[in-house]
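K.L.:
In order, the protein sequences belong to chains G and P. Counting from 1, one number per residue, gives the positions in the first sequence under my numbering. Counting from 1, one number per residue, gives the positions in the second sequence under my numbering.
There may be inaccurate statements among the hints.
Said to hold, decoys possible - From the structure, some residues in chain G lie toward chain P, with a derived Cβ separation under 7 Å:
{"id": "1", "residue": "A52"}
{"id": "2", "residue": "T80"}
{"id": "3", "residue": "L82"}
{"id": "4", "residue": "D85"}
{"id": "5", "residue": "G116"}
{"id": "6", "residue": "D117"}
{"id": "7", "residue": "G207"}
Simulated from the structure, these hints should not be mistaken for lab results. We put the CB at the ideal spot given by N, CA and C, even for glycine.
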Amino acid sequence: MTGRNGADLLRAVAAHGLAGADVPLVDEPLDDEAWNRLLARVTAERLQGQLAAAVSVDALPATHRQREETAQTHAAAMATCLALDRLLCDIDEEFEAAHIPMRVLKGSSFAHLDYGDPAVRAYGDVDVLVPSKHLEQAVAVLLAAGCHRQVPELRPGFDRRFAKSLTLAVSDGYEIDLHRTLALEPFGLGIDTDDLWDAGEPFVVGGRTLLALPAEQRLLHACYHAALDNNPPRLLPLRDVAQLVLEGVADPDRVLVLADRWGGAAAVAQAIQLAWSTFGVSDVVHLSEWAKRYRPGPKEARTLLVHTAIGRRHAQKAMAALSFINGVETKAAYLRALLFPQREFLRQRGVGHGAWLRQGTRSLLGGRSHRRRHA
Amino acid sequence: VSGWVRASGVLWRNALDGAVVLPPDAAEPLVLNAPGAALWALLEEPYELDDAATTLATAAGVDVNRVANDIATLLRDLNDAGAVGYQP
């Protein structure tokens, strides 16, 4: 038994193997109750790779049973990763035949390129990027291959112009996130998608060469994901941020140029600061120093708040996104899609058009009163 | 160079005390223990059965006759699963 609380221990597991991190593990095996709790949380947070690495070198002392359970849990996670890698190769083959360019995002690319051993980084779905102009074709290819779309498009053409990604389900229960950019609006609309198609970084999976984003764009994606996609931020995305920054492959100056061009510097700084504080990283590098000093301007701070504040609704994010959309006609198309979704979308959501509008209005008014309360 | 070698398109990961291997057409992965993973590491390049047995026995500090049968059985299982093949 130890005095460490569960959250600290989970954080220490997530930080295991990270150069410069200072989150100590324990000196002796946990008791059954604490172990069972830890194992459940490790599985939920997809930290099986870090746990196995910590147990394998006795950084986390384990009883025979705990070691066995770690091995089983890790092997199950790796079996999922291998099945997803096979799916990834199948998608790449389909897209290649259809002449659709593709980049692998997050999970498999981080595991193969940014961790010394891909067995340390578990993942639970497939994320791929295609150019906006190929998005509809890519959906058609995957539908023809037996995937099915979970949520209909808001309006025809909306995904290609404005969406971050859409999700397709595969018959064996896995999911494919088909991206055209890296973040939800408003941040996603600030990203210059041409920057995502710089020469990709190759890695080999099952003898097939796949392409990931270049190191700088990969790091920016890790930051967006860590800072924006969950509140509170999750440990594995924060570990990715620390891992990619400390690995030092990405050119920090190029990272900052892109972050600035995409209007995402506040999110990037927040992700790096959070990763450093969560894992007690003592190493000072160019990006960590920059993140510590960074002060977002008023518009950036508002955008970040809209994106991350608990309880913020999609409608509020959508309104904030308008400032990132250039041109009256494009703004109008965006608003038209939000206000008048196609019937299939509403039917799937189980609401009529009137109820949809009322929900959006309540959401926006809720946002205003929230701001007033905190003014 | 002839010998037993990993099949083209096989996917695998290191595991705690072993390896997880997913052959190209298999529905389920194979979970190898530590000796199995040692053989798997070797088969990145072609190895004849006798050479593999000698190499692994030497590494483990045991008599080659003690491990030869086990390695032959494991190779046969991996071959049946489509994880390895013999390169003539």
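K.L.:
Decide, hint by hint, whether the structure agrees.
P.N.:
Status of the hints after comparison with the structure:
1. At about 4 Å, the closest approach between the beta carbon of G:A52 and any beta carbon in chain P falls short of 7 Å, and the interface hint on this residue holds.
2. Because the closest C-beta pair between G:T80 and chain P is about 10 Å apart, greater than 7 Å, the hint is violated.
3. Annotation: G:L82 was flagged as interfacial toward chain P, and the flag holds, the nearest CB pair being 4 Å apart, inside 7 Å.
4. The interface hint given for G:D85 is met, as the beta carbon of that residue sits about 5 Å from the closest beta carbon of chain P, less than 7 Å.
5. Hint on G:G116 is violated. Least Cβ distance to chain P is approximately 11 Å, over the 7 Å limit.
6. Interface restraint check: G:D117 against chain P, minimum CB-CB distance 6 Å, threshold 7 Å, status holds.
7. For G:G207, the interface hint holds, the least distance from its beta-carbon to any beta-carbon of chain P being 5 Å, beneath 7 Å.
Hints 2, 5 from the earlier list are contradicted by this structure; the remaining hints agree with it.
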